[in-house]
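4 protein chains.
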Amino acid sequence: MSSHPIVEYTSPSSWALIEDKFSPFAKETLAKLIRFLEEEVQPALPVAAAQLPPGPERWKTVLPVIEDLKAKAKALGLWNLFLSKVHYPQHGVPLTNLEYAVMAELLGRYGHISSEATNCAAPDTGNMEVLARYGSPAQQKRWLLPLLNGEIRSAFAMTERFVASSDATNIQTAMRQEGNEIVINGHKWYASGAGDPRCSIYLVMGKSDPSNTSAYKQQSVVLVPADTPGITVVRQMHVMGYDDAPHGHSEIVFKDVRVPVENLVLGWGRGFEIIQGRLGPGRIHHCMRSIGAAQQALDTMILRMTDPARKTFGKFLWEHGTIIADLAKSRAEIESARLLVYSAALQIDKVQAKGALKEIGIAKFTVPSMALEVVDRAIQAFGAMGVSQDTELAQSWANLRTLRIADGPDAVHLQQIGQRELKRAAALRAKKDQLTKREEAAIKKWNVKAQL
Amino acid sequence: MSSHPIVEYTSPSSWALIEDKFSPFAKETLAKLIRFLEEEVQPALPVAAAQLPPGPERWKTVLPVIEDLKAKAKALGLWNLFLSKVHYPQHGVPLTNLEYAVMAELLGRYGHISSEATNCAAPDTGNMEVLARYGSPAQQKRWLLPLLNGEIRSAFAMTERFVASSDATNIQTAMRQEGNEIVINGHKWYASGAGDPRCSIYLVMGKSDPSNTSAYKQQSVVLVPADTPGITVVRQMHVMGYDDAPHGHSEIVFKDVRVPVENLVLGWGRGFEIIQGRLGPGRIHHCMRSIGAAQQALDTMILRMTDPARKTFGKFLWEHGTIIADLAKSRAEIESARLLVYSAALQIDKVQAKGALKEIGIAKFTVPSMALEVVDRAIQAFGAMGVSQDTELAQSWANLRTLRIADGPDAVHLQQIGQRELKRAAALRAKKDQLTKREEAAIKKWNVKAQL
Amino acid sequence: MSSHPIVEYTSPSSWALIEDKFSPFAKETLAKLIRFLEEEVQPALPVAAAQLPPGPERWKTVLPVIEDLKAKAKALGLWNLFLSKVHYPQHGVPLTNLEYAVMAELLGRYGHISSEATNCAAPDTGNMEVLARYGSPAQQKRWLLPLLNGEIRSAFAMTERFVASSDATNIQTAMRQEGNEIVINGHKWYASGAGDPRCSIYLVMGKSDPSNTSAYKQQSVVLVPADTPGITVVRQMHVMGYDDAPHGHSEIVFKDVRVPVENLVLGWGRGFEIIQGRLGPGRIHHCMRSIGAAQQALDTMILRMTDPARKTFGKFLWEHGTIIADLAKSRAEIESARLLVYSAALQIDKVQAKGALKEIGIAKFTVPSMALEVVDRAIQAFGAMGVSQDTELAQSWANLRTLRIADGPDAVHLQQIGQRELKRAAALRAKKDQLTKREEAAIKKWNVKAQL
Amino acid sequence: MSSHPIVEYTSPSSWALIEDKFSPFAKETLAKLIRFLEEEVQPALPVAAAQLPPGPERWKTVLPVIEDLKAKAKALGLWNLFLSKVHYPQHGVPLTNLEYAVMAELLGRYGHISSEATNCAAPDTGNMEVLARYGSPAQQKRWLLPLLNGEIRSAFAMTERFVASSDATNIQTAMRQEGNEIVINGHKWYASGAGDPRCSIYLVMGKSDPSNTSAYKQQSVVLVPADTPGITVVRQMHVMGYDDAPHGHSEIVFKDVRVPVENLVLGWGRGFEIIQGRLGPGRIHHCMRSIGAAQQALDTMILRMTDPARKTFGKFLWEHGTIIADLAKSRAEIESARLLVYSAALQIDKVQAKGALKEIGIAKFTVPSMALEVVDRAIQAFGAMGVSQDTELAQSWANLRTLRIADGPDAVHLQQIGQRELKRAAALRAKKDQLTKREEAAIKKWNVKAQL
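Protein chains in written order, with this note's numbering: chain P, 1 to 452; chain X, 1 to 452; chain Z, 1 to 452; chain E, 1 to 452.
Don't take each hint at face value.
[Unchecked claim] Which bits of chain Z does chain E cover? Going by a derived footprint, with three or more residues having C-beta under 8 Å, they are:
| hint | segment |
| --- | --- |
| 1 | 36-48 |
| 2 | 236-249 |
| 3 | 256-264 |
| 4 | 307-320 |
Think of the hints as simulated: they come from the structure by calculation, not from any bench.
Note that beta-carbon positions come from the ideal geometry of N, C-alpha and C, so glycine has one too.
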């Protein structure tokens, strides 16, 4: 049985399924990441909390402890782990999606900070993927390189306040070319990351060709520097009571915002193509981080349930009610979800995100709900402290809850997977027709009377 | 069929079950309350939000619009509706628990403000019940009358940070008599309402007789003015990211706090007796307000699902996925929960809270979970806006989530109800023995061969 | 508090809600029924099992012990309790739907026999309702009176094997008039009760006017004596492995079956009208019997969980795992479902089934699922014996499972209730518009800045 | 991407995870099995149903079509696939548990017949494992070889009617040695397979040393020929209405049954050791067959939902209600369960069943419930036909339901897995203590004030 330290965080049986798919480099990087998280990132969490000032200053602060972690991570080669060389030969690291998936679960155990420390934080990850895949050399030089270096941050402005943008064809932000400039007018919100003082660039999705007969060719993506005149950050949106400062989820109005036409990504009307490519691996990253959050909640719950100082009615908390069953179910659900996402990540490695849409979709509507359930059990087991600011549980729940909506709500993914099942009907029917003939032959051969 | 306006908020069939148990006064009061909520309270909600300043000032503010509402409610006789004359002949209003339950659902539709406007807000309600039932004439004069008048507010300091106080025998706050004074040392948190600038009095539960052989006679309740030296409000606790200012959930340290012995309620060692009496009807009020919140969420969801501006993929939102089934289930669950709590409230009217422990317990572990489910469906249907600060849904969810922990977590109530079921075993066994004899006689009489 | 024996079978709190709606006659009948069930019906259950022969003889047997029970019930006035005088002045008994609902729960505790013993068994009940309401005097004389007397039995042949008859407009059985005769050709199945040797009459639903522009006027109901030439009972259908002999669920082919035109019920094209009226109260009866079955399962489970002979690992079964929580949830779900159906029954009393469609629909999709859950928990708690023929649990589960399909599958009722909720949108929107105006006025009056 | 035909029955992504763990022989055997099942077994199903006579003759019949299938399977090398050479070097086939797991899913798609046709049917499989591992040469010669050849069948008599034998220490069947004989007295039931006319040998578990201080050394396993005097097969037990003839679940009384002492397996007091070893892989086989049954139900459901002859209200069935979401969830749950059992099977291959208890336990309490849910959705989607004898769904549900009880009820496995989680507390606490020190150092180094 393997002695890799990952089995302590996952399980020997899940590691056994994938170990032979890990390169020596990936195994070593994984072990290094575990040490870094245990020895550097975890202890930095209370420091980061203390370095975030109260009030409006929170939105103007770069936390020194995180910058320190970033330097350490870069020195250790724990940097941009999400960007697989397989798909991004020029800028990527030699890790597969599966290999990074295992790492992403670990990142998810320690909130946002661990992802930022290793330059693996959304939405930068997806934005770097877009720029690496579709950006012009000039765009890459100006925006991708500083992002890859962790010098600036970015936002993706897609969701709109006044339309149902879970159907992206509804997006209304207007983009038109005037001479050498693109003029943008629109009203976005939940542009995650736009609150960060280092956020320098927005990738903005908008409607450039409203009369195109294909609804999927009306949208384009344009790079808009955060300090362009005409941009107003109206306010920071909340997520179940959290504003997630300094990261933030911004409401942004674009009024006659002008950028040079060179800031167009890929070409007019290519918006859907861009977001399709952007979302696949990102969804898997979110899922793995969710599993990490769930596993962390389970571990926290076990500590509480066995805490001698927390006995009630003369018994340990684990001796009460349905706690043991809750622990068992949580463990089973986590193991199960983990394998599901592993298989989706491997599928992306084999046949690109496009060939793994089923696996990605299943993970997307399954995993956040599972993690919510596990975290909710832990909250309940903690009592008042569970809903408070004194554990990660409440904020973790809020983050996970948002994942059931972000990047396509559950209903959209359920619908797509259900439709894929329906498409199997033709093949099933053909097989059934064949079977019917064989049954008739068998009935005749055995000279029996069919009962139906 | 009745034409009382309540049927628009509940349903003709639930009203039919209870209408004949309503006095003419209660029917009229209920109708008046509906008008007051529609015409005065609802429009005041955005005003109240605007009058709450940002930053630390939020904890020092008395909202003018609420004071205005309180004056209006008092003038209309919509005041202290929770305090039933049946149980509180001296201070109560001529309404039964059932009659108030129907009103409490309506109050629950509009957040905390409607309860405060009618002086029906927790924790004042429970504290007034304690003082009305157990307070000395002096205690009543000094604290009950201003509470009944809505001039001051109060808190109940029971939960402790460092022990599992869901088993109240664990409460550690020390209380001892020294001469004519009581000296209190302890560390409380989640003392709801203690953040309000008008909060003048804490009802503090503590351990006065740690060596008493009965764990249920070790605790006492003492009245502690909020400005007593030795009290430090350490911070305001959060609930899923919300601090609920100006109400608040305070962490409070009591260090050598001294109050006159006259501030003891009912007598030394009577703490359990007091909280038992306090919690029964209060739990029902919470349940009814939860139902109101759920019904409000359902109504909000219906509006969104039918909004022509929110079509996706060419269809109304209600035409997608499982929305119609979600609406139907939500409706069914709300109706069902409502009837359950009606029957519990009626039982309290008939045989006091003590005789209605089963009904109260069932409502306690059933209703908040139901309401959470309904609100969660609405959040999901709203998408990003559902988790934002722009609807009541997210905060409503946070409040409801806390109710699965406050006043005894679900597990405690499930345990108690399950134990009550087990106690039926003796009677069931006696009946079965009787039946066995009758079966044997019947088998003999009919001269057949038994199969088992 | 009431001392009526019903509270032992339901609960004081649910009885308190409805006691004042019971006539003295109903209270007395209810008490009498309880005694009859305890002293006569229950002990007869093993006798009935022993009197049912094995093999094909089961379909030809009238159980003597049930005939004996019928005579006793009739003598006691416990007869046709389902047929409310309110709706059936000529043939009914002076009981409301609510009063009978309480009795139907008790009947449901003892399987099919108790309903048959009191002449309250489906499908005779619904068929008697049809004949009492819509039958001609001649039809009533020939078929209704012997049914009311319990001399013959009947079946309702609606479901068809080869079409999706949950949409009744799909029904294909052809009916045409030739001279003074009606000629019927079709293929039915799951004609419940048609297996009984006393079953003399089928109410057959078929398509008489396939070209009528209204799909709801194409169907008619015709009375077909069971011994009419051209009828072939092909086989008995199973329900999760049970054939429910001698009652049965028959597959029946009608080939050129001819009956006099006088056997048409109500008139050509009135089929939908007839089944609408037939289904309302019947659904409530099914729901109440389901609740009785669930309550019986819970009682049985309590006996098992406290049986000293069934300890495992040194503990009573109730001390293991989630049993106590299961008992508590079961109790809560039963109480809740009971109140829901009470309110539906009362609504039928007040405004007829037509006015109670929402309540009936909610009960229809809620109650059988609830009961299945409770019975399933009991099966699990019993272990191997739970799935065996040695308790009522397995067969009870099978019966209840069928109720999620019979008389309209869950999905149809969810859909209808969801649609009703959507219809509330207009009124909600009107109210919201009114509110918006009031909010604007309040914001202006208070001179604050709205935040949205 | 692999082109192995298995991906049509499972999915490319799950195959990708395990393909490199399959030997060429296993891949070829798997492909051969698929063809055999499609071309021979499936068409034989209606023949087998027709060859089973009605009435008591069912218990005396060996179905010719199955004997024919057995001969063909043996000729093809599709025989005893369950018996892995890794664990059973002498008698086993060169397949790992993982490789067989994939095959067992396919066997599970076609009910009991496919397992019998390939000599992979319970309880023979477990009994062969016992004899291969623990049997004496004489026992192997007499019983194992004919079992391996499919000439005889066997039963495992463990469960007892009158005690809670889910705790196997409760088993009461008495075994004592008298001279060279073992004398057995006891009352078993649910001895699956004992109804088969070819069943020649029972493995009987009983209490041989009731006063042993270790409850786990009191039990022994003895081989009892089915025709030994003193054995009475009292009756066949049902499973939700099914008697599963000719296989059967027998109630058997042993009265002074005598066998030679050579029939003792392994040694006195070794009963627990034997059943522990017997149950591990068997549970995984059951789980994989359950997944096959679920996948079969899903495929069946897709055919029905897209059947143009089954439209209701003008729409395909899949266009109604929650069907698409049901399909998507079913697919996700099946994929997820499959990966879970793969990982458990691989773990058995790596570290024996003993080292895979966690994975086996999780699969045991997770998979049957999942499969029940999927089959139940299909039943509901089929309507009346779903509960009938005309599809496999109802019987499949009954079989699966029993799996939640057989080989240890869910509660036992939940308990064991929960307890294992609790055992992680010590390591988690050690790690937390270490972390606390690092946090304190970091807080000091950064000179910030900790917030908790």
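Comparing the hints with the structure gives:
1. 36-48: violated (count 0)
2. 236-249: holds (count 6)
3. 256-264: Our answer is that it is violated, as 0 residues pass the Cβ test (under 8 Å) against chain E, missing three.
4. 307-320: holds (count 7)
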